[in-house]
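Enquirer: Top to bottom, those sequences are chains A and B. Residue numbers are given in our numbering: position 110 of the first sequence equals residue 110, and the series is strictly consecutive. Residue numbers are given in our numbering: position 67 of the second sequence equals residue 1067, and the series is strictly consecutive.
Since the hints were derived computationally from the structure, they do not count as laboratory data. Where hints are given, some of them may not hold.
[Claimed, not checked] Distance condition first, Cα-Cα at most 25 Å in a straight line; then the derived SDA-like pairs of lysine to any residue: (1) B:1112 to A:49; (2) B:1131 to A:42; (3) A:288 to B:1126; (4) A:283 to B:1124; (5) A:405 to B:1302; (6) A:288 to B:1132; (7) B:1139 to A:21; (8) B:1089 to B:1039; (9) A:405 to B:1127; (10) A:253 to A:335; (11) B:1257 to A:183.
[To be verified] Here chain B is said to cover these stretches of chain A; the calculated rule only asks that three of the stretch's residues, wherever they fall, bring their Cβ under 8 Å from a Cβ of chain B: (12) 20-34; (13) 60-73; (14) 157-170; (15) 267-273; (16) 398-409.
Just so it is clear, CB atoms sit at the ideal spot from N, CA and C, and this is done for glycine as well.
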Amino acid sequence: MKRITIDPITRLEGHGKIEIFLDDEGDVKNVYFQVPELRGFEKFCEGRPVEELPAIVSKICGVCPGCHHMGSGKAVDAVFGVQPPPTARKLRELFYMAHFVHSHIAHFYALAAPDFVVGPQAPKSERNILGVINKVGVEIGTEVIKQRRLAQEIQALLGGHQTFVVMNIPGGVRRGLSEQERDDIVEKSNGFIKFAQFSLKIFEDVVLGNKQYVDIILNGPYSLCLHSMGLVDANNKVNFYDGKVRVVDTEGKELCKYSPAEYRDFVAERVEPWSYLKFPYLKKIGWKGFVDGQDSGVYHATPLSRLNASDGMATPLAQQEYERMYTILGGKPVHATLAMHWARLIELLYAAEHCLELALDADITGKELRTPLNKIVGEGVGIVEAQRGTLTHHYWTDAKGIVTKVNIIVGTTNNHAAITMSIKKAAQGLIKKGITVTDGILNMVEMAFRAYDPCFSCATHSLPGEMPMILEIRDVKGELLQRITRN
Amino acid sequence: MNEQKPKLKLAVYWGAACGGCCVSVLDVHEKLFDVVAAADLVFWPVALDTKYQDVEEMHDGFIDLTLFNGAVRNSENEHIAKLLRKKSKILVAYGSCSHLGGIPGMANFFTKEEIFRRVYEESESTINPEKIKPQPEYKVTEGTLEIPVFYNDVRPLDKVVDVDYYLPGCPPQTERLVEVFMAIVTGAQLPPKGSVVGAGSKAQCEECTRTKTDNKLIKKFKRPWEIYDDGVTCFMEQGVICMGPATRSGCGHRCIKGNAPCRGCYGPTADVTDTGAKIMSAIASIIDSKEPAEIEAIIEDIVDPAGTFYRFSLPSAMIRRRL
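Whenever a hint applies, use it, and build me the whole structure from the sequences.
Expert: If you want it as structure tokens, here you go:
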């Protein structure tokens, strides 16, 4: 048996490794995606005062710390049995929309666009953000950097620390918004909306206008028939900050819809001895292995799954784009992995529109920032949608609010099995007997997981770069047959 | 550009980290173009294609400056730390985890077995009746799969290799990084080996914008949610534990600006050997009592002292495991 080892995969938020096994014919037999790290937050949060957790768990990820801060803040509210007052709740959501704007812009332009704007098989030296800027022009490139920075400025304003925000306190937020600050956010939000529309236009011109790309999206080895998970509001519209988790099956029928506190009835995690990261699956269906299809317990939690799991977007412009995407791709649900990029841009538009709605809301400059606390319930679950999937934080405390237990299911973790399968499917479709494995083929294998915007790559959001790879093909005895390095 | 002078060779690497330190490097924004003009980035897994093997092939001392962020949690972190030490002229422990152990260092309150049991067995959403745990080597039908060995302890970088400088913070302020970087590029006189760079020498309180009196005011320490912060008065004087008195300045008091007390990510000032002892003396100095028994009772009332005083520094502190 031949073996292809992709190690190190460096564009990871952390560290990762892919093992591809080929049979004697040279066809892909199996693929393992291994996550070789663990830090153990679930253990060392024990003993900490629960109000410290929103700041501590932010350090799970320095790239999407705002998601952990919000999920944790909601779990802590539940531990105290309170809801924040309207102003505080809306300020949190306003922060969260800016967090999405910044992250989605970065992913599309720095990670996804090189494959489409520059081309999946373009020379590797051009397949990066600088190549994108080269193609679209410096003016647009500068605009990308500017819009992302403006979104970061909103986060820093509301959250203090620019990376690890300290916004949440049990039952509310630590800081309010002045009228002048609000006006500034209104102006920025209008810019975000225009920029999101512009980004969708680029997607339309460059991707949808290119027959070859549309063919790759729809007919390439990039589709997995999976159940779709996403947070929805009372009208089943996509919501990032609050609501119920809805899962629809591979045909789009609702499988379940649960409140945060009920998550354990619907999601379970599996341990494999060859990876430090667990594999969540739908508990009622059960673990059926690394297989897709209606009978599988594997689901995905991505921009596309959120759109699949909802009945639409809560803002008008994003709703139009939502309808358009499903019309063009032939109805709901969509299983084309690469459509995740399109869905991400529709979410960018929603985040921008909702950012403006919240900034204009009369409550947003209110002075009531905290709900008084008077008891400690001792257990709480908080769920938000992280950019990279549904994020669940569950805490238990003693009567003084000292943490006794913590359970966390992180956004990207939801997609661990799906990413493994997507890489396998792409590898199977692209690496075959008699085919010489080229850099372009490797890049097209990468495109399978890049669509998920997994958190282990999100740190690269604002820089040029592509995943470095060493690909070694060995025979059964481990003798090197072919070595390809990409740099 | 001066054609005569070779460009600085720069590397950035992460051990057990969250990515926040790499983001702090990215946050140079437009200054990135200055950095790239003055230095060649030769290894930066987050952004570049250089591989471990390429680093191994560099001659010793090939890299001028390596910023190593993240703690040493497993065998891969240790291996690369040693490799980069060999290949680098200047090795900087960049950020709290590399400097002191950081947030993941709180895992040292527990053993590896306790962590594994929680994550892989006891976790309420995990179904694992066979008690499967990740194995450094595991045989599957197709071959043997390997993952790094998870160590019992988290270690800061200087417990594994010789470190030239420390650049503190979680993450470091980008402005401080740029200052240090430009100093190296321009060939300025570097401080003695082992120095903390890119940070102040005084305590946070010296730079804090909040109002502080010298009054002894506190009869009871409170949790942050037990007070309504007025936004202007020193947290300690409002009865909330703030690590400012025992923490090095230089961060721009970011958390204070967000109306949250300091948690000590910049580490202790140079004259402090034990953060806990330092903060205890600061705490004692503002207690409104002269009775030793009463003072003791007030101090004993503080929740999670070890996890608060050593939030970012447990692996480099004198205390170990549970207090």
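Enquirer: Each hint needs a verdict: does it hold in this structure or not?
Expert: Now the hints, each set against the structure:
no., hint, in the structure
1, B:1112 to A:49, "holds (22 Å)"
2, B:1131 to A:42, "holds (17 Å)"
3, A:288 to B:1126, "holds (16 Å)"
4, A:283 to B:1124, "holds (13 Å)"
5, A:405 to B:1302, "holds (21 Å)"
6, A:288 to B:1132, "holds (17 Å)"
7, B:1139 to A:21, "holds (13 Å)"
8, B:1089 to B:1039, "holds (14 Å)"
9, A:405 to B:1127, "holds (17 Å)"
10, A:253 to A:335, "holds (14 Å)"
11, B:1257 to A:183, "holds (21 Å)"
12, 20-34, "holds (count 5)"
13, 60-73, "holds (count 5)"
14, 157-170, "holds (count 11)"
15, 267-273, "holds (count 7)"
16, 398-409, "holds (count 6)"
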